[in-house]
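S.K.: Make the full structure from the sequences, and use the hints.
There are 2 protein chains.
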Amino acid sequence: MLGLMQDRPLLISQIIDYAAEFHPDVEVVSRSVEGPIHRYTYRQAQLRAKQLAEALADLGIRQGDRIATIAWNGYRHFELYFAVSGMGAVLHTLNPRLAPDHIVFIAEHAEDQVLFVDLNLLPIVEAVRPHLKTVRHVVVMTDRAHMPAASKIEGLLCYEELLAGQPGTFVWPEVDERSAASLCYTSGTTGNPKGVLYSHRSTLLHTLMMISGPVLGLTPDNTILPVVPMFHANAWGIIYASAMSGTKLVLPGPKLDGQSLYELMDAEAVDLSAGVPTVWLELLRYCDTAGKTLGKMKRTLIGGSAVPRAMIERFWHEHQVEVVHGWGMTELSPVGSLTWFRRGERDLPEEKRFDLTAWQGRPVFGVEMKIVDDAGRDLPKDGSVAGNLLVRGPWVAGGYMKGEGQSSFTAGGWFHTGDVAKLESDGSLVITDRSKDVIKSGGEWISSIDLENAAMGCPGVAEAAVIGLPHPKWDERPLLIVMRKPGAEVTPAQILEHLQDKVAKWWLPDEIAFVDAIPHGATGKILKTKLREQFHDHKLPGT
Amino acid sequence: MLGLMQDRPLLISQIIDYAAEFHPDVEVVSRSVEGPIHRYTYRQAQLRAKQLAEALADLGIRQGDRIATIAWNGYRHFELYFAVSGMGAVLHTLNPRLAPDHIVFIAEHAEDQVLFVDLNLLPIVEAVRPHLKTVRHVVVMTDRAHMPAASKIEGLLCYEELLAGQPGTFVWPEVDERSAASLCYTSGTTGNPKGVLYSHRSTLLHTLMMISGPVLGLTPDNTILPVVPMFHANAWGIIYASAMSGTKLVLPGPKLDGQSLYELMDAEAVDLSAGVPTVWLELLRYCDTAGKTLGKMKRTLIGGSAVPRAMIERFWHEHQVEVVHGWGMTELSPVGSLTWFRRGERDLPEEKRFDLTAWQGRPVFGVEMKIVDDAGRDLPKDGSVAGNLLVRGPWVAGGYMKGEGQSSFTAGGWFHTGDVAKLESDGSLVITDRSKDVIKSGGEWISSIDLENAAMGCPGVAEAAVIGLPHPKWDERPLLIVMRKPGAEVTPAQILEHLQDKVAKWWLPDEIAFVDAIPHGATGKILKTKLREQFHDHKLPGT
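Each protein sequence line maps, in turn, to chains A and B.
Using the numbering used here, read the first sequence as starting at -2 and increasing by one per residue.
Using the numbering used here, read the second sequence as starting at -2 and increasing by one per residue.
Derived from the structure by calculation, the hints contain no laboratory data.
Some clues are possibly wrong.
What the hints assert, rightly or not - Computed list of chain A residues with no C-beta within reach of chain B, every gap over 12 Å:
(1) Pro93
(2) His99
(3) Thr275
(4) Pro467
(5) Lys482
(6) Ala510
(7) Ala519
(8) His535
Said to hold, decoys possible - Restricting the straight-line Cα-Cα distance to at most 30 Å, the calculated cross-link-like pairs of lysine-lysine (BS3-like) are:
(9) Lys293(B) x Lys295(A)
(10) Lys349(A) x Lys293(B)
(11) Lys522(A) x Lys482(A)
(12) Lys502(B) x Lys527(B)
(13) Lys349(B) x Lys293(A)
(14) Lys437(B) x Lys502(B)
(15) Lys349(B) x Lys482(B)
(16) Lys293(A) x Lys293(B)
(17) Lys437(A) x Lys378(A)
(18) Lys482(A) x Lys349(A)
(19) Lys295(B) x Lys293(A)
(20) Lys295(B) x Lys349(A)
(21) Lys295(B) x Lys295(A)
(22) Lys349(B) x Lys295(A)
Glycine is no exception: its CB is placed at the ideal position from the N, C-alpha and C atoms.
M.R.: In structure tokens form, the structure reads like this:
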């Protein structure tokens, strides 16, 4: 027996229409690539999104076509989010930090028709243009005055010229809510990048979750600055969430150094931000040096990789900013869990709250989690054991573009995250490792992440990474790779001393190596593949 | 091109499972029909809901079967909400205040299989049992000790005995999210009551909206007491919203007088409540007499009929409680709009905030509204004109049970609310009347509600109702019917004087009649049909 409710689809166009009608004067503030701060309102953004949709229709773009962007967080990118998905086409956000051959691979794989690029990222596109066979047009996201005088690319289009003269009366089509709306490729640290194809439905449900009281509880009086890029899992859904809840949105453009972020946050009275730990390290360093505090910020959502406990403490003690520690993946739209306090937990002593925050939060409503052993058998959710983390839910990928990576999807409808985790009896998720990074020592697992976090708390350590190296007796043993803070003289003995009471004795690294830099991938994560190459021929003491 | 996300259904069982797993210790506190306060947790509630589902399966209940309740807000009713919908059957909440022939009509129309009834409402069922042809079992929601020694109903079942011994390991089926989950009949002030058949999907989406930041923003630290009955549009969705967000839920049982409500709110530190204006009048009166203030309450959601501005002011000035004024209908699950402040509006002078709150709020994300004239043509949304209010959205009815009331649904997918409203340029909804109550005077419309609200602000007036009476020249003219406050001596001249600067001169009532009581229907609304009967032969002065 079916219910008798209206069969209305959930569509991304409804978000910008709602923002324009009910939050018409709330601002979207952007640091533009051209330099100045740009400000306008949701109502103006909607008009321009409609003009853009009209321009795309004039270029022959139809429902289902893929439109690529290589762009920072800015207002024109915001317009693309709503114009492209709104018209029924598919927004494909490309990561400008990817290697050129990866960009070519992904754009070809997605069969992108039009490519929008920020002015200062044009050289990336110029370098690969001859290899982009499906791309019919390249549009530079600027006005005529800023267009390059000459370019290797023929027929380069100007964004503002495309919009000029368009009526802005575009009527969004009512597509099936399961239609593809946007496309992100995983960073592909192993194998080729794989495409995650979000639907209107999955995006709307993820957005409703994000703005809910137990999660971000966004209201029109909040001001949010996503440092997390719009090319990184749709800026964790914050673009949609802001518009749906009428939250003022501040977009930092290409300047992501500590000082630039601080100044923008301060000037726009940002009370909530979101980004990866690396960015916050930079910001905290700037504040420290410049003697500033983040006066108006109340909360910051940190994810992408595990947040060191020391960072949680610094944010609170030095800035009265509460860290919300999130865990997610491109395949999860991306939010799976984040810090939220159970009833009464806000009254816990701060040390207890920091403990909880150092874990990866608890699942949000809509995401189911379980852990299984290598044979696929369910493991207990009592914190006693780590296992392979599986998730499912309406905003979790059910497959990759063109049927690739089938092994990540179980018959029972679960997605294999590739993470190793514990599920604590209080509902918390504790990621202990990526399954490919876990160190298998004598039949037991050592968490590279736990070791890294413990090492990061040692004075003088700027960053730490742990990899497993072959060992004749134990199969693998940990090598701790450390980048010292500038001027710090910390020794291996001091680090071992620091680790002594923080991890099991048999977890202590067999060796500590110092490096000048630890390599990061395009999304800010430590590139362990690179470290493994670098230390490929290294022998641990006694082997 | 379809997206590639998991095709997971949205199901009501997910709400109670999430509450039990992640908010296991949050309480559901009930004033029981038997007398004592009952307290248990979401985890215990889930176990008992599963036991109840097992008991229903043992009674032969299958997916799609309708299970009726005649019950107050209490924990067993809470269990029925999740057990019945969770197992794929349909929860049909009956209003005990309906006339016996209405109850029979509705239960027969719905083809209810089992009827659950609260102990003190059993006489209602006893009176109509012979006419309930489809009902196979009547279950009294109590334990053996409280079961009546004798009943006119043969084979009366005891709720606690049904549950006893059930394992509580029921596995909720994964039904289609569009499956029917619950059923409410409209109050049917004209014609027969009509059934609104909610789906799992519509309920989940409505719940996500309710807990969102811009709406109630519920968190695990809130404590909510719905005075609005669970038989009245699912207590406005608060049952589901509390469980999804881990909010402590306080259920007042059958005692809805001012003192009982006050004591429960005070004892349980309720910070948010919800109900119709009549209930709050009672509560405010009690507080006034007893010299109490609602110390812990922060907000109260009021709907069901328009909230007089005087009530908004009293709540704020006497209790520092913010009124959230909602508008909805059974056909809207029921929330369509409510008071939410645009960015910056919280800083407005309180008089301005009261003005906004006296309107019916602004649409929530997901509900689209428009007004049309009698020919169906769109009218402007600038506050200049009132028209017939049409709505659509994923939790709006698309039809009534068994195909009745087709004329309420337009070809374009809009639902005719039967309300007359203005849509203001700031996005606010202003209900000016029910279309059947509007007074058509000389080709123009007079809002009976506006007149009533203006009259309610006059000292000495306890309640006011306006109906149109025939007039030879103007077609209709307003009669204002007033119930005085106890001991008040207010005269017609004083009331007219009070109205003078609040409504257009030609809106002033042609006559003011005083009555001892104004009749209310089963959901607390003024019964204008009764008033029209009562004044059927009344002649206005000069006619």
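S.K.: Decide if the proposed pair is consistent with the structure: Lys295(B) and Lys293(A), CA atoms, cutoff 30 Å inclusive.
M.R.: Holds. Lys295(B) to Lys293(A) sits at ~25 Å (cutoff 30 Å).
S.K.: Is it correct that the beta-carbon of Ala519(A) has no partner in chain B closer than or equal to 12 Å?
M.R.: 22 Å, holds
S.K.: Using Cβ atoms and 12 Å as the threshold, tell me whether Pro467(A) really stays out of contact range of chain B.
M.R.: Pro467(A) is indeed farther than 12 Å from all Cβ atoms of chain B, at 38 Å.
S.K.: Does Lys295(A) lie within 30 Å of Lys349(B) when you go C-alpha to C-alpha?
M.R.: 28 Å, holds
S.K.: Next pair to validate is Lys437(B) with Lys502(B); report whether the Cα-Cα distance is within 30 Å.
M.R.: 15 Å, holds
S.K.: Quick one: work out the minimum CB distance from Thr275(A) to chain B and report holds if it exceeds 12 Å, violated otherwise.
M.R.: 28 Å, holds
S.K.: Between Lys349(B) and Lys482(B), is the straight-line Cα distance small enough, at 30 Å or below?
M.R.: Roughly 28 Å between the alpha carbons, so the hint for Lys349(B) and Lys482(B) holds.
S.K.: Given the hinted pair Lys482(A) and Lys349(A), is their alpha-carbon gap at most 30 Å?
M.R.: This hinted pair holds, its Cα atoms lying about 28 Å apart.
S.K.: Please settle this one: Pro93(A) was flagged as non-interface, so is its CB more than 12 Å from every CB on chain B?
M.R.: Nearest chain B Cβ is 24 Å from Pro93(A), so the label holds.
S.K.: Checking one constraint from the list: CA of Lys437(A) to CA of Lys378(A), max 30 Å. Satisfied?
M.R.: 22 Å, holds
S.K.: Between Lys522(A) and Lys482(A), does the CA-CA distance stay at or below 30 Å?
M.R.: Holds. Lys522(A) to Lys482(A) sits at ~19 Å (cutoff 30 Å).
S.K.: Assess, step by step, whether the Cα of Lys293(B) is no farther than 30 Å from the Cα of Lys295(A), and give holds or violated.
M.R.: 25 Å, holds
Checked against the numbered hints listed earlier, the structure breaks none of them; every hint is satisfied.
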